[in-house]
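Trainee: Here is how the chains run, residue by residue.
Protein chains: 6
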Amino acid sequence: MKLSTRLLALVDRFAPPETVHAHCDIPCGVYDPEQARIEAESCVKIAQKYHESDDPLFRDRCVFVKEERAELAKHHISVLWSDNFKPEHLEQFPDLHDTFWRALKQCSNVKRSMDPAEGEKLLALIDEIDEMWKKSGGLEKTRLNGRPGN
Amino acid sequence: MKLSTRLLALVDRFAPPETVHAHCDIPCGVYDPEQARIEAESCVKIAQKYHESDDPLFRDRCVFVKEERAELAKHHISVLWSDNFKPEHLEQFPDLHDTFWRALKQCSNVKRSMDPAEGEKLLALIDEIDEMWKKSGGLEKTRLNGRPGN
Amino acid sequence: MKLSTRLLALVDRFAPPETVHAHCDIPCGVYDPEQARIEAESCVKIAQKYHESDDPLFRDRCVFVKEERAELAKHHISVLWSDNFKPEHLEQFPDLHDTFWRALKQCSNVKRSMDPAEGEKLLALIDEIDEMWKKSGGLEKTRLNGRPGN
Amino acid sequence: MKLSTRLLALVDRFAPPETVHAHCDIPCGVYDPEQARIEAESCVKIAQKYHESDDPLFRDRCVFVKEERAELAKHHISVLWSDNFKPEHLEQFPDLHDTFWRALKQCSNVKRSMDPAEGEKLLALIDEIDEMWKKSGGLEKTRLNGRPGN
Amino acid sequence: MKLSTRLLALVDRFAPPETVHAHCDIPCGVYDPEQARIEAESCVKIAQKYHESDDPLFRDRCVFVKEERAELAKHHISVLWSDNFKPEHLEQFPDLHDTFWRALKQCSNVKRSMDPAEGEKLLALIDEIDEMWKKSGGLEKTRLNGRPGN
Amino acid sequence: MKLSTRLLALVDRFAPPETVHAHCDIPCGVYDPEQARIEAESCVKIAQKYHESDDPLFRDRCVFVKEERAELAKHHISVLWSDNFKPEHLEQFPDLHDTFWRALKQCSNVKRSMDPAEGEKLLALIDEIDEMWKKSGGLEKTRLNGRPGN
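Residue numbers (the numbering used here), protein chains in the order written: chain A, 1 to 150; chain B, 1 to 150; chain C, 1 to 150; chain D, 1 to 150; chain E, 1 to 150; chain F, 1 to 150.
For the record, the hints were derived by calculation from the structure and aren't laboratory data. In this text the structure is predicted, and so the values were computed from the model without any measurement. Not one of these hints is a red herring.
Sample of chain D residues at the chain F side, in silico, Cβ under 7 Å:
#, residue
1, Val63
2, Phe64
3, Met114
Heads up, simulated PhoX-like pairs for lysine-lysine below, C-alpha to C-alpha not over 25 Å straight-line:
#, chain 1, residue 1, chain 2, residue 2
4, C, Lys49, D, Lys86
5, F, Lys86, E, Lys49
6, A, Lys86, F, Lys86
7, E, Lys49, F, Lys141
8, E, Lys49, F, Lys134
9, C, Lys49, D, Lys141
10, A, Lys86, B, Lys49
11, B, Lys141, B, Lys86
12, C, Lys86, B, Lys86
13, D, Lys134, C, Lys49
14, A, Lys49, B, Lys141
15, A, Lys49, B, Lys134
16, C, Lys141, D, Lys49
17, F, Lys49, E, Lys134
18, E, Lys86, F, Lys49
19, C, Lys86, D, Lys49
20, B, Lys49, A, Lys134
21, A, Lys141, B, Lys49
22, D, Lys86, E, Lys86
23, F, Lys49, E, Lys141
Where a beta carbon is used, it is the ideal one built from N, C-alpha and C, also for glycine.
One chain only, chain A, in its complex shape:
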C-alpha cells in the first residue's frame, strides 16, 4: 500500500463514522440481513422443486431464476459488508471480512449447483452475518420498529 493511500485511510478512519454506511448509500441507515435471507431461501426452494419435477421446461426455468435470486443475495450481502460495518467493528468481529467473503463465494456456488445443500450453507453464513449485525446494534439502529414478530 502506498504511503499516500495509507494516509488517506488513516483520515477516513477518524472521520465521523455515521456518514459512511447504508443500504441505499444516502445513507438511509436501514439494513437487515433479512433481504439476503429471503433470496437465499428462494434458492433452496427452487433447488428442491427442481428435483421434485421431471418437466424439462420447469427445470430449465429453475436454472436461470435461481441464478437471478443468488445474484440478488450477493448484492445484498455486498452492501451489508461495505456500508453497514465500519472499521470499529473489526475488533469486535475479527472474522468479519472472511465471513462476508465466504458468503459471497457461496452465492456463486449456489448459482453453479442444483443441490439444496449449497443454499443451506449460504443460509448458515447469512445467520453468522445476522448475529454480527445484531451484536453491532443493527436491529435498534437501523430498523424503525424492529423486525415484525412471528
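Once you've looked at the hints, dock chains B, C, D, E and F against the given chain A.
Mentor: Leaving out everything else, chains B, C, D, E and F in the frame of chain A:
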C-alpha cells in the same frame, strides 16, 4: 367482459391453486411483506434526513434515492398481490384488492413528497398486507424457518 | 381495515385526482396498454417459434427470453392498474380489479408454459384492459397524437 | 477495414436475412417504433409539466425521470436499427443510418434540456423511422394483429 | 427526409460539438471500446467452456449468461456510435455507420450461437472500432491517464 | 464462527480453485479492474464539469448520473473481490480485504461528494487493486489478448 374470457377465468379458478403464485414466478413459494417494509422504512428515514440537512447536494440525492426505494416497494407489493394471493383468499379478505391498490398508489405518493408521514402511511398499509399474509398462513407456508426472532 | 386507514383512504379519495397516476410516476400522464401488448405478442411468437424449431440452443434461449418479456408485460400491466385508473373508475368498471389481477396471473402462466395459447389468453385480457382504458378517455388524455394510424 | 472483415461482411450479407433481427434477439420478430414514441411523448409531457410547476421537488423529479425515459427511447431506437433493418433495406432507405444516428443523438439532447421542443424533434425523427418501418412491411411482418385502431 | 428535419439536422451539425457525446450522456466524455471488448471476450470464453464441459447444468447456464454478456457488449457499442462519434468523423471514417451496424448485428449472432468463432468475429469488429476511436483522438480526449500499460 | 461453518470453510479451501471465480459467475474467467476504472474516471470528470458549469439543470443531472457511475464501480469492485481472488491470494496480499473494503466505501464517498478529489482517491485504490490483479497473473490468465496497447 367477453364470454370467452369469462369462461377462461372460470377454468382458471378451478385450476390447482398451488401453481399460481411465488415471489420469483417459478413459483419458489417464498414471500414476505418484509421486503416491501424495508424499502418503505428507507423512504421514511430518507425523508427525515432530508429535513434535518441543509446541504443542497445531500437533499438532491435524497429525492432520487427515495424514488428508487419507493419503486422497489411498489414492485414487491405488486408481486405479493398477483402471485401470493389466490382467488380463494377473496372471501377471507374482501378488502384484498382495495388494500393493495391503495398501497401501490401510496408508493406513488411517497415518491412525490418529502413528508415522512407519507412513508408512515405506506408502512400502515404494508402492516395490513402483512396481517392478511399471516392469516393466510404466509409465514408457515412460505418461509423456511419463520422470521428470525428479534 | 383499521379506522385510521379508512380515514386516510377517505382523504385520498377526495384529493385532486389529477396528481395520482402516470406511467413514470411523475406523473407524466402518458399511458398506453400497447406497451404490454407488444411484449405479450412477443411471448406468443417465441412460443410458436419454439415449436417450429428442433435446435436445442434456440429452444433454451426461447425459455428465458420469453420469461423476460412476460415480466415486462407484467410490469406494464401493474403500472396501468395502480397509476392510470382512479377510484372514480371503479363504478364505471366493476371488474377493474379482477381483470387486472387475472392479467397479472396470466403473465405468470405465460412464463410457465410454451403453449402459444397462454400468450393469446394474455392478449385477450390486455384487450379488455385496452377497452377500459379507451372508455376512460385514455387515448385523448394520455397520448399526444393518438395512436398512429395503421 | 481489413480484408478478413470485409470477407466476413460479404458472407453476412448473403446469409439468410430472416435470422438477423428482432426486438428481443430471439428474434421474436415483433417490432414497433411505438415503444420509442411512448417514451418520447413522456419526455415532452414531463418538460411541459416542469415549466407549469414552481414546486422545486416536482421539478427535481422531472429531471431524472425524463432522463430515464429518454434512455428507454434510446434503447428502443437502437434495437430497431440493429435488429429490424437489414442490408437489403439500405437501397430502399439511403438515409437509414443517418436518421437513426440523429434520433439517438436527439435522445441525448432530450436528456440535456427542459425544452419540450427537444422532445418534439425526437418525435419527428421517430415518425421518420415509423415510415421506413411501415414501408419495409413492419406492420404486417411483425405485429400479430396490426396496431389497435384508434 | 422532410425539409424540417433536414434543417434541424443542419443546425445540429453546426452546434458546438463538445455537447454531443459521452458514455453517460452527461456527457462525462469518458469512452473506451475496452468495455465492449471485455464483454465480448467473456462471450468467447463461455462458448469455449461450453464445449469443454458435458455437465448439462453448466451448459444451460452458459446459454443465458452469454446472452447477458452479449447484450452488454451491444449496449456499449451502441453508446460509442451515438455518443462518441460526431458528424465531422464521417469524412474521416466513411465506414463508420456500417462498421457499427455490423458489430451490433454480430452481438445478436453471438447470442444465437455457441461457436466461439462468432465471438472472435465480434472482437475483430471491436478492433476496427477501437482503431477509429484512437484515430479520432479517443484515448487522449476521453481517458484521464491513458489505458493502463500491460 | 460455528464449528460446522469452520469445517465447511476448510472443505471449500481444498476444493479445486478453478471453479470459484469469474466476472459473470459462469465463471467465464475474464476479469479486469479496467471496468471499475472507467466508471471512476467518469465520476472524476462529472465532478469537474459540475464545478465548471453554472447551469442548474446540468448540475442536477451531474448528481444522479455520478451516483449511477459510482454504483457501477462499486459493483465491478465487489465482483473482483469475491470472484477473482481466492484464499491462496491472502498470503500474497495481506491487505486484500482491507483494500477492497476501503475501495467500496470510497465509492460511497464519491456518491456523496462533488469534490473530484474523492474520485481521485477511488482511482488510487483501484490502482492498488490493479497491481494485485496483475501480480496474481490476472492479465495472462483472464484476458484473451492482454490489454490493448496505447
